Amino acid sequence: MKLELRGITKRFGSLVANDHINLVVNSGEIHALLGENGAGKSTLMNVLYGLYTADEGDILLDGVVQKFKGPGDAMAAGIGMVHQHFMLIPVFTVAENVVLGHEPTGILDTLDIDTARKRVREISDRFGFEIDPDALVEDLPVGSQQRVEIIKALARDAKVLVLDEPTAVLTPQETDELMGIMKGLAKAGTSIVFITHKLREVQAVADRITVIRLGAVVGEAKPTDSAATLATMMVGRAVDLSVSKKEPKRGETGLSVAGLTVIGDRNNKVVDDVSFEVHAGEVLAIAGVQGNGQTELAEALVGLRTPSAGSIHLGKMDITHSSVRDVIDAGVGYIPEDRSKDGLVGDFTIAENFMINRSYGPPFAKGLNIDFGNRERIASQLIGDYDVRTPSQVTLAKNLSGGNQQKVVVARELSRDLNLLIASQPTRGVDVGSIEFIHERIIATRDAGKPVVIVSTELDEVTSLADRIAVMYRGRIVGIVDAKTSRETLGRMMAGATV
Amino acid sequence: MSTVVTPGLFSQVDVSVSKKTPYLMAAFAVFVLVAFGFVGKTDIVAFQWSKQDDLIHLPDFLVASNVVGLILGTTLVAIAVASFVLAQGKRVTPLWLTLIFGMLAVVALLAWLAAGNTLPFAFILGNAVVLAVPLALGAMGGIMSERVGVVNIAIEGQLLTGAFLAAVVGSLTDNLYLGLAVAMIGAALLSTVLAVFAIQYLVDQIIVGVVLNVLVLGITNFLYAQWLSSDGQNSNFPGTFPIIPIPGLSAIPIIGPALFEARITTYLAYLIIPTLWFILFKTRLGLRARAVGEHPLAADTVGINVARTRFWWVTIGGLVAGLGGAALTIGAVGAFGRNMSGGQGFIALAVVILGRWHPLSAAAAALLFGFSIVLRIWANQVSPGIPTDFITIVPYVVTLIAVVGFVGRVRAPAADGQPYIKG
Numbered sequence: 001m002k003l004e005l006r007g008i009t010k011r012f013g014s015l016v017a018n019d020h021i022n023l024v025v026n027s028g029e030i031h032a033l034l035g036e037n038g039a040g041k042s043t044l045m046n047v048l049y050g051l052y053t054a055d056e057g058d059i060l061l062d063g064v065v066q067k068f069k070g071p072g073d074a075m076a077a078g079i080g081m082v083h084q085h086f087m088l089i090p091v092f093t094v095a096e097n098v099v100l101g102h103e104p105t106g107i108l109d110t111l112d113i114d115t116a117r118k119r120v121r122e123i124s125d126r127f128g129f130e131i132d133p134d135a136l137v138e139d140l141p142v143g144s145q146q147r148v149e150i151i152k153a154l155a156r157d158a159k160v161l162v163l164d165e166p167t168a169v170l171t172p173q174e175t176d177e178l179m180g181i182m183k184g185l186a187k188a189g190t191s192i193v194f195i196t197h198k199l200r201e202v203q204a205v206a207d208r209i210t211v212i213r214l215g216a217v218v219g220e221a222k223p224t225d226s227a228a229t230l231a232t233m234m235v236g237r238a239v240d241l242s243v244s245k246k247e248p249k250r251g252e253t254g255l256s257v258a259g260l261t262v263i264g265d266r267n268n269k270v271v272d273d274v275s276f277e278v279h280a281g282e283v284l285a286i287a288g289v290q291g292n293g294q295t296e297l298a299e300a301l302v303g304l305r306t307p308s309a310g311s312i313h314l315g316k317m318d319i320t321h322s323s324v325r326d327v328i329d330a331g332v333g334y335i336p337e338d339r340s341k342d343g344l345v346g347d348f349t350i351a352e353n354f355m356i357n358r359s360y361g362p363p364f365a366k367g368l369n370i371d372f373g374n375r376e377r378i379a380s381q382l383i384g385d386y387d388v389r390t391p392s393q394v395t396l397a398k399n400l401s402g403g404n405q406q407k408v409v410v411a412r413e414l415s416r417d418l419n420l421l422i423a424s425q426p427t428r429g430v431d432v433g434s435i436e437f438i439h440e441r442i443i444a445t446r447d448a449g450k451p452v453v454i455v456s457t458e459l460d461e462v463t464s465l466a467d468r469i470a471v472m473y474r475g476r477i478v479g480i481v482d483a484k485t486s487r488e489t490l491g492r493m494m495a496g497a498t499v
Numbered sequence: 001m002s003t004v005v006t007p008g009l010f011s012q013v014d015v016s017v018s019k020k021t022p023y024l025m026a027a028f029a030v031f032v033l034v035a036f037g038f039v040g041k042t043d044i045v046a047f048q049w050s051k052q053d054d055l056i057h058l059p060d061f062l063v064a065s066n067v068v069g070l071i072l073g074t075t076l077v078a079i080a081v082a083s084f085v086l087a088q089g090k091r092v093t094p095l096w097l098t099l100i101f102g103m104l105a106v107v108a109l110l111a112w113l114a115a116g117n118t119l120p121f122a123f124i125l126g127n128a129v130v131l132a133v134p135l136a137l138g139a140m141g142g143i144m145s146e147r148v149g150v151v152n153i154a155i156e157g158q159l160l161t162g163a164f165l166a167a168v169v170g171s172l173t174d175n176l177y178l179g180l181a182v183a184m185i186g187a188a189l190l191s192t193v194l195a196v197f198a199i200q201y202l203v204d205q206i207i208v209g210v211v212l213n214v215l216v217l218g219i220t221n222f223l224y225a226q227w228l229s230s231d232g233q234n235s236n237f238p239g240t241f242p243i244i245p246i247p248g249l250s251a252i253p254i255i256g257p258a259l260f261e262a263r264i265t266t267y268l269a270y271l272i273i274p275t276l277w278f279i280l281f282k283t284r285l286g287l288r289a290r291a292v293g294e295h296p297l298a299a300d301t302v303g304i305n306v307a308r309t310r311f312w313w314v315t316i317g318g319l320v321a322g323l324g325g326a327a328l329t330i331g332a333v334g335a336f337g338r339n340m341s342g343g344q345g346f347i348a349l350a351v352v353i354l355g356r357w358h359p360l361s362a363a364a365a366a367l368l369f370g371f372s373i374v375l376r377i378w379a380n381q382v383s384p385g386i387p388t389d390f391i392t393i394v395p396y397v398v399t400l401i402a403v404v405g406f407v408g409r410v411r412a413p414a415a416d417g418q419p420y421i422k423g
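Chain order of the listed sequences is A and B.
With full-length UniProt numbering, the residue at position 330 of the first sequence is 330, and numbering never jumps.
With full-length UniProt numbering, the residue at position 162 of the second sequence is 162, and numbering never jumps.
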């Protein structure tokens with residue numbers, strides 16, 4: 001089926017998320033939609049899927065204008081979507097998830113689960129998915145859950161399949177498998193829209209590429225174009241994403257973690273007997289597919305979670321059971337993975353956000369009072385030093401772009417005298433310009449002789465920043481390897497293979 | 001394709017099961033064994049299995065009170081040990097075992113209270129069923145609401161509305177069926193208010209629920225004081241539905257008269273509970289409802305109308321709770337009293353949780369609470385030596401222990417209480 005978008009415009013208040021976007025996807029084609037975080041890709045797809053209504057423009061399928069009032073209409077017209085965050089119900093079985101919304105029924109509205117099962121098995125066998133229809137979705141690994149999403153779309157006879165950042169949660173091997181699946185589907189006649197910001201994947205699988213930036217189409221590109229060309233189109237200027245850094249000057253042990261175990265919310269060992277050391281002046285990256293315990297490990301290091309066993313030493317000091325404030329006072333800087341939830345108070349001004357982890361003492365407080373003069377001085381200096389693009393220091397944090405919000409967090413954490421920096425997903429959802437800046441600052445911290453721990457699920461980020469890489473899988477550290485280790489080896493480790 | 005379907009993340013790690021339940025059981029079992037057995041009363045208890053007019057009449061069973069305590073106490077210890085062994089093997093104590101434990105503990109208490117007296121077992125069981133009906137129906141209303149993701153604190157208000165309207169309309173029109181219908185519709189309308197505020201206007205569901213409870217309590221108290229208390233003959237004297245024995249079934253010894261010589265409100269409960277189970281877990285309608293309660297956005301993306309689903313389930317849940325309210329008046333005592341529900345709506349909430357949002361388990365849990373209420377009524381009559389206030393708190397203590405001690409880790413519907421805001 002041929003999909004055509006003509007002049008799609010979507011505004012949120014004064015923000016134009018999509019500005020007269022035109023896109024043509026031919027039958028059986030894999031069409032990549034390439035753009036930075038916040039370029040408007042997901043908005044466009046939500047318009048296509050009927051979750052949002054476009055302010056202007058038309059959606060055409062095989063030349064016929066469509067009017068979608070909701071996802072139900074889009075699905076009925078033959079559009080299937082695999083969302084970035086899976087739309088699966090964890091406590092339902094695969095078969096129940098697949099048929100939800102168009103269930104086969106018997107007498108008295110009873111669910112015909114046998115037919116549902118058969119349908120799942122049929123699609124699963126045709127494309128080699130190896131999915132058990134009776135498995136509970138919550139028991140499946142992420143890669144399999146994604147296949148359930150694809151089956152869900154195919155079970156509704158989707159002729160156009162939209163995949164929104166599908167590789168974000170996959171290991172490199174799973175990514176390769178997904179690409180094989182995409183090619184198989186395209187050969188069988190399905191049109192595929194592949195939304196991503198990863199150049200490597202676009203080059204590997206796309207037939208044609210449309211690049212969008214700041215909500216508008218910049219142009220079309222070919223998969224044979226060089227990565228540099230694609231990156232320039234995507235960002236709008238020449239970019240150099242390789243981080244230049246000198247050999248590390250390793251000093252004393254700055255952080256040592258021994259036998260650390262953390263019990264998670266569901267009473268399981270989300271961090272399982274983890275031990276490692278980080279020296280002053282080196283970056284240790286914790287790599288792994290999302291949800292393998294990295295978040296909980298970082299939270300345990302800064303005192304947000306109480307370990308059930310093991311120890312954490314900052315230099316010689318035992319901080320295993322220290323309160324968060326003691327950890328902060330000991331000189332641990334922490335960039336949390338979700339800035340809007342844990343890093344900032346959106347309804348506070350930038351200046352207030354700068355002081356929230358040191359509100360109780362100098363330089364921000366004098367006795368019981370806020371030292372407003374000092375705060376204003378520090379805030380304007382940090383805004384300058386860290387290149388925070390903002391109208392003023394009393395602008396509310398929630399009104400900044402993602403990249404500038406992240407710079408506020410980075411400025412707050414790095415402007416103190418640190419003994420350790422822990423940065424969780426430091427560049428997630430951040431524009432390329434800010435990524436370069438934040439990476440430089442992290443390396444500068446290392447070069448100033450501080451131990452640095454990076455937690456990242458982006459393999460590119462891990463390999464460009466790290467001096468050593470620890471790979472986590474199911475709460476355990478599979479191995480700690482040199483930063484020059486090949487992608488393939490790291491990928492195998494992320495799937496649980498030991499070196 | 002090399003990936004095989006494997007269990008989820010962290011599945012291989014050691015998941016320990018809390019030993020709270022076995023320890024609590026053990027404490028109760030030892031208490032029963034010692035207090036009612038070893039140092040129990042030696043007077044004879046007459047277990048009265050059937051009433052005089054039952055078709056098959058069983059003779060009374062005479063036994064010393066402390067012997068019952070010893071036997072049941074030992075059984076309870078055995079159950080506690082079984083629970084402990086299960087916990088050792090990393091398995092959760094099944095709900096039915098917990099319920100049997102509760103029932104046996106209550107029987108042991110009964111035997112102790114009735115030392116030197118008759119224990120009208122048939123009477124107690126029959127009344128336990130009657131008293132469990134409003135709780136069970138209130139809980140069904142709660143399950144219907146919470147399964148689609150709306151927390152329903154207003155069950156108390158719905159029971160009270162149903163009780164009031166059934167009595168007043170039944171009395172004024174002299175038609176109990178009309179009273180029943182109006183009671184159900186009234187409670188459903190109250191539910192609609194909750195649904196509209198919670199779903200349309202995204203007001204905090206707990207606050208709306210509490211406000212509705214206070215509102216209904218205030219209005220019914222006012223009307224009772226101003227009107228019903230002075231004009232009771234006319235407006236608050238509806239009588240009750242007739243007791244209809246079901247031929248054959250009601251002749252079964254012990255349980256027959258208790259379960260199958262009942263009023264229409266009880267029979268409706270028998271009908272509604274399995275029907276709700278069937279709809280929730282076996283039909284398309286139920287699958288969609290549960291999807292809305294677990295992950296509303298996912299339901300929306302497959303074309304299910306979240307707001308409409310929630311609205312109707314909450315509203316019809318009110319209808320069911322209204323029937324429960326009617327069961328309090330025209331299904332039992334035949335008149336409305338001030339604050340008639342007296343916290344039973346909140347006990348119904350506990351029943352929902354103890355029953356793990358499952359209609360059949362919740363019905364069993366409601367029966368346990370019915371038991372504890374009838375115990376209170378009966379014990380007040382036979383054992384004047386025990387302070388009334390002490391026995392009055394029994395149902396509430398059972399609630400507390402059940403929720404805190406035996407429920408363990410349960411999973412509510414994932415989106416329970418969360419408003420769904422469409423993008």
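The set of hints was computed from the structure by calculation and includes no laboratory data.
Remember, predicted model here, so these are calculated numbers, not experimental data.
Don't take each hint at face value.
[Said to hold, decoys possible] As a list, the in silico DMTMM-like pairs of lysine to aspartate or glutamate whose alpha-carbon atoms are at most 25 angstroms apart: (1) A:Lys341 x A:Asp387; (2) A:Lys69 x A:Glu4; (3) A:Lys341 x B:Asp389; (4) B:Lys282 x A:Asp387; (5) B:Lys282 x A:Asp139; (6) B:Lys282 x A:Asp132; (7) B:Lys90 x A:Asp273; (8) A:Lys159 x A:Asp139; (9) B:Lys282 x A:Asp273; (10) B:Lys282 x A:Asp225.
Please verify whether A:Lys69 and A:Glu4 have alpha carbons no more than 25 angstroms apart. Holds, at about 18 angstroms.
Is B:Lys90 within 25 angstroms of A:Asp273, Cα to Cα? holds, 21 angstroms
Within a Cα-Cα threshold of 25 angstroms, do A:Lys341 and B:Asp389 meet the stated pairing? violated, 49 angstroms
Is the Cα-Cα distance between B:Lys282 and A:Asp387 25 angstroms or less? At roughly 59 angstroms apart (the allowed maximum being 25 angstroms), A:Asp387 and B:Lys282 break the hint.
Between A:Lys341 and A:Asp387, does the CA-CA distance stay at or below 25 angstroms? holds, 22 angstroms
Would you mind confirming whether the straight-line C-alpha gap from B:Lys282 to A:Asp225 stays at or under 25 angstroms? violated, 54 angstroms
Given the hinted pair B:Lys282 and A:Asp139, is their Cα-Cα distance within 25 angstroms? holds, 22 angstroms
For the pair supplied as a hint, B:Lys282 and A:Asp273, confirm whether the alpha-carbon distance does not exceed 25 angstroms. violated, 44 angstroms
Need the status of pair B:Lys282, A:Asp132: alpha-carbon distance at most 25 angstroms? holds, 20 angstroms
25 angstroms limit on alpha-carbon distance, applied to hinted pair A:Lys159 and A:Asp139: Not satisfied, since the Cα-Cα distance of roughly 29 angstroms exceeds 25 angstroms.
The earlier numbered hints that this structure contradicts are 3, 4, 8, 9 and 10.
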